[in-house]
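**Q** Sequence:
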Amino acid sequence: DKTVKLWDLSGGTPVEKGTLTGHSDWVRCVVWSPDGEFVASASDDKTVKIWKVATMEEVGTLRGHSGWVTSVAWNHDGSLLASGSYDNTVKLWDPKTMEEKGTLKGHSGSVYSVAFSPDGSLLASAGGYGDNTVRLWDPKTQEHKGTLTGHSGPVLSVAYSPDGSLLASAGGYGDNTVRL
Numbered sequence: 024d025k026t027v028k029l030w031d032l033s034g035g036t037p038v039e040k041g042t043l044t045g046h047s048d049w050v051r052c053v054v055w056s057p058d059g060e061f062v063a064s065a066s067d068d069k070t071v072k073i074w075k076v077a078t079m080e081e082v083g084t085l086r087g088h089s090g091w092v093t094s095v096a097w098n099h100d101g102s103l104l105a106s107g108s109y110d111n112t113v114k115l116w117d118p119k120t121m122e123e124k125g126t127l128k129g130h131s132g133s134v135y136s137v138a139f140s141p142d143g144s145l146l147a148s149a150g151g152y153g154d155n156t157v158r159l160w161d162p163k164t165q166e167h168k169g170t171l172t173g174h175s176g177p178v179l180s181v182a183y184s185p186d187g188s189l190l191a192s193a194g195g196y197g198d199n200t201v202r203l
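At position 23 of the sequence shown the residue is numbered 46 (the numbering used here), and the sequence of numbers has no breaks.
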């Protein structure tokens, strides 16, 4: 329905707190800022929107992808956002100024998932159909640090362990594995 819903779970029974509207196509991913003040949403309308939770208002729209935006992630201190897209790129954004800080290229297929390491020193991106890799990046220098192979199908998701010592990648569509 092209919306983001916020739910209050504090009373034991879920109560809808509000609906964030503004995307013109499906919303594929939502993520909280580390301080809990903002939510970022990624959409098939090729944008990422940032919402202030207290007022339920959109505070900015990040435009720059030429394909559906499948994923979005905040770094550890909330100073950087990463978004992955069907345009085969990862974009880095300053969430305060709404400026694009860079474009990471290297995947030969859609980027399905992005994740920062807990300390923010690495960014992982998951490559879709025909790519089937995980790429590691230094978000500060925007350098490619390595490519992880082994999945026989698209990589649908990536996630770091809480201490950053492990990265999990989930394969789908014939691969059906989780690799560490």
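Incorrect hints may have been included.
[Stated by the list, open to error] With a straight-line Cα cutoff of 27 Å, these simulated DSS-like cross-link-like pairs (lysine-lysine) come out:
id	residue 1	residue 2
1	LYS119	LYS69
2	LYS25	LYS69
3	LYS28	LYS75
4	LYS75	LYS40
5	LYS25	LYS40
Worth flagging that the hints you see were computed from the coordinates, not collected in a lab.
**Q** Going through the numbered hints above, which ones does this structure break? Give me the numbers in ascending order.
**A** none
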